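K.L.:
Chains as they are written, first to last, in our numbering: chain A, 226 to 661; chain B, 226 to 661.
Bear in mind the hints are in silico, worked out from the structure with no lab data behind them.
All of these numbers come straight from a predicted model, not from anything done at the bench.
Not one of these hints is a red herring.
The list treats identical chains as one, so a pair stands whether inside a single copy or across any two.
Derived pair list, reagent style DSS-like, types lysine-lysine, alpha-carbon separation capped at 27 Å: (1) K330 x K375; (2) K307 x K375; (3) K629 x K307; (4) K255 x K448; (5) K255 x K267; (6) K284 x K267; (7) K526 x K506; (8) K448 x K431; (9) K448 x K267.
There are 2 protein chains.
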Amino acid sequence: MLRIITQRADAEAELRRICDRTQDEQVVHKEATVREVLQTVKRQGDRALLHYTAEFDQKTLKVEELRVSGSELDAAYQQVNKDLLDAIQLACRQIEAFHRQRVPKSWVQFGTDDIVLGKRYTPVDRAGIYIPGGRAAYPSTVLMNAIPAKVAGVPRIAMVTPPGSEKGINPAVLVAAQEAGIQEIYRVGGAQAIAALAYGTETIPKVDVITGPGNIYVTLAKKLVYGTVGIDSLAGPSEVLIIADSGANPIHVATDMLAQAEHDPLAAAILLTPDSALARKVAAEVERQLVNHPRRLLTEKAIAHYGLVVVVSSLAEAAELSNQFAPEHLELEITEPWDLVNQIRHAGAIFLGYSTPEAVGDYLAGPNHTLPTSGAARYASALGVETFLKHSSLIQYSPTALNKMGNAIITLAETEGLNSHADSVRLRIENRTDDA
Amino acid sequence: MLRIITQRADAEAELRRICDRTQDEQVVHKEATVREVLQTVKRQGDRALLHYTAEFDQKTLKVEELRVSGSELDAAYQQVNKDLLDAIQLACRQIEAFHRQRVPKSWVQFGTDDIVLGKRYTPVDRAGIYIPGGRAAYPSTVLMNAIPAKVAGVPRIAMVTPPGSEKGINPAVLVAAQEAGIQEIYRVGGAQAIAALAYGTETIPKVDVITGPGNIYVTLAKKLVYGTVGIDSLAGPSEVLIIADSGANPIHVATDMLAQAEHDPLAAAILLTPDSALARKVAAEVERQLVNHPRRLLTEKAIAHYGLVVVVSSLAEAAELSNQFAPEHLELEITEPWDLVNQIRHAGAIFLGYSTPEAVGDYLAGPNHTLPTSGAARYASALGVETFLKHSSLIQYSPTALNKMGNAIITLAETEGLNSHADSVRLRIENRTDDA
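Build out the structure end to end from the sequences listed, making use of the hints.
P.N.:
Below is the structure:
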């Protein structure tokens, strides 16, 4: 069922098809629905949130139930065991330590003639984090979104998440949120939650940046509100591309492919290897592990449609194909992974060597697991502290500096037909001459 | 005509109205047109470009005329005088010098148990720059977009710009493009140009990131193709907010306001001052300068609709109002501008002191003049080298490290119901035990 391809042209065509796997969706129709939800929440506030929660989540809430209460937050700690709490706290520490590296800092530079130039970094006032419900209610997602905001120094971080089934919101998610420093949690999901964060309602204050993954409605809503607020990215289904040599263990490679496929029927798992024996062993092992897989149906679907093994002529060819695909996750299960890294131009995260399965990075190595998908690694990067920071350019000219540069500015302004631009310099220079 | 307001509540309401000045546009209808243009160019390539150029620009082109020829590029140098060329070259040097500061660099960090973590920065393969035609054909825009891409190390930078009237493309724009390192220039504008850059045509190769300002059709097209390619931002009409004290020269302040207003009938120019005498003098001077202004009609319109003077009780209050507005350009024409900077949370660029008119930064101080508008400074920053860079996270775990962290990863994976994630670690740890 996991196809093995040996021709380069076929491989390129298949990789293109897999990369474009979300392009075919009928988004225009869904966009009309999302647009209506956004407009209604903008106009009606909380009332619209309750209406859509009843309609889409089959949950009747009162206004005062929108915000998760302190007692519910406390209770969540009773529902997670010590091992899990320890693991969440370990992940918190490691993610925070990594994100504290190389955070952009404000600077000024003093030049000739008392010119001062610089950049002043400040965090956004408020961040809003979307955490999906249902199958994808992951505490790790909470940490990966909230900790960069906390490191950036964002004073208020709000989280929204669907109300959940009768049991309510996953307690591990509520614990992760508190460990990561989130104080406000609201029981609302879908496009209506994105609208609440973008425009504000009586209960939920407007934020400046919205991050976090979601289904197609959430993603469309984020795209539509982009410009009113900042967003992290438009997340698509997850994907891994593995480059493996004959030193790789086929059982490990197969498990790593399934670890991607088990996320979503649209997830993609690709192996590029020069070793045709490894290719066959991995394909067989994937079949074997699928038989008793707890998420067999969806995992099988992903493997059938978006699973692929390509036998390549060399590791260099594998790097070229990988660059064309620009994978979200790239595993280099090869003897000398650092040699190949220099040939990789586009990848969200690179996992080096035989003992670094993607799960290491998904949970607690430190780097963010929110990564560009569907070829977006060609131009985008992981979510990070920068997502919650912005800077102001700083410029100070002295009269002397303005005098020296004035003529060039006036020439450029006049070329552009911007008379007052030229005057704003000219009048100051004339003053200067008067003073002298 | 330039209104003076003294009540805080009125000021807040007016600033909100000015900040939201582009929200009312009937974008949904225009979006349908833009969507059609994008789809047609995606399907028909060059043929669609020629069709739309004939329809929207009233210009009949042959396919081979889409790309600006080498002889045309050479000829442009004959059409600009030496002063202008010198000014362009000076601006190039200064912009490049500023953008070379603090460019993110790749790094790795070696931890305990042979854990290696890091980030590897790489430029995008191709950048596409949109340069408007007509009233807004500015050589400075070319420099501000192309130089950051060049500093980022982007191998190919393509520029698109409308074909222009009978005289063709502005020669100063063609010279600036060459000085900034652009080699490919295409004679196409509007949404069709954005489509060509996003999807590629027979003549114009697909790019990875599109930057540059444009009219509402260009901006909508950029929003729609975001996700297929990266974009810089959704630029709105320009704005300046000036905080001035009694030491400011009213003639200079008035000229700076007009320098913003002369861009666009939607441009905004706001003065906040504790000095009511200065407020009146500035308002009178604006009227005086408008009489003979070369762009009187549009400038007058901007001042009438989006010009505003607020008499504030203190500079601290001015800073608060400025933070609510989050201006693209902020001028601090006050005695101690560095004292007030610390109270500013949101501003695209800050111009400090009496002798730093915004024009200094528009042309050649060095920092980018492409800045967040309409309140986007709450979450966004100037265009920069980062716009054209992205990074891959790097993660390497040793068998020992995986052994130590393994249980925590397995606990988290099992909590999330991701069995193969847990297995990808478990099977490797078991192997390790076997080896030992």
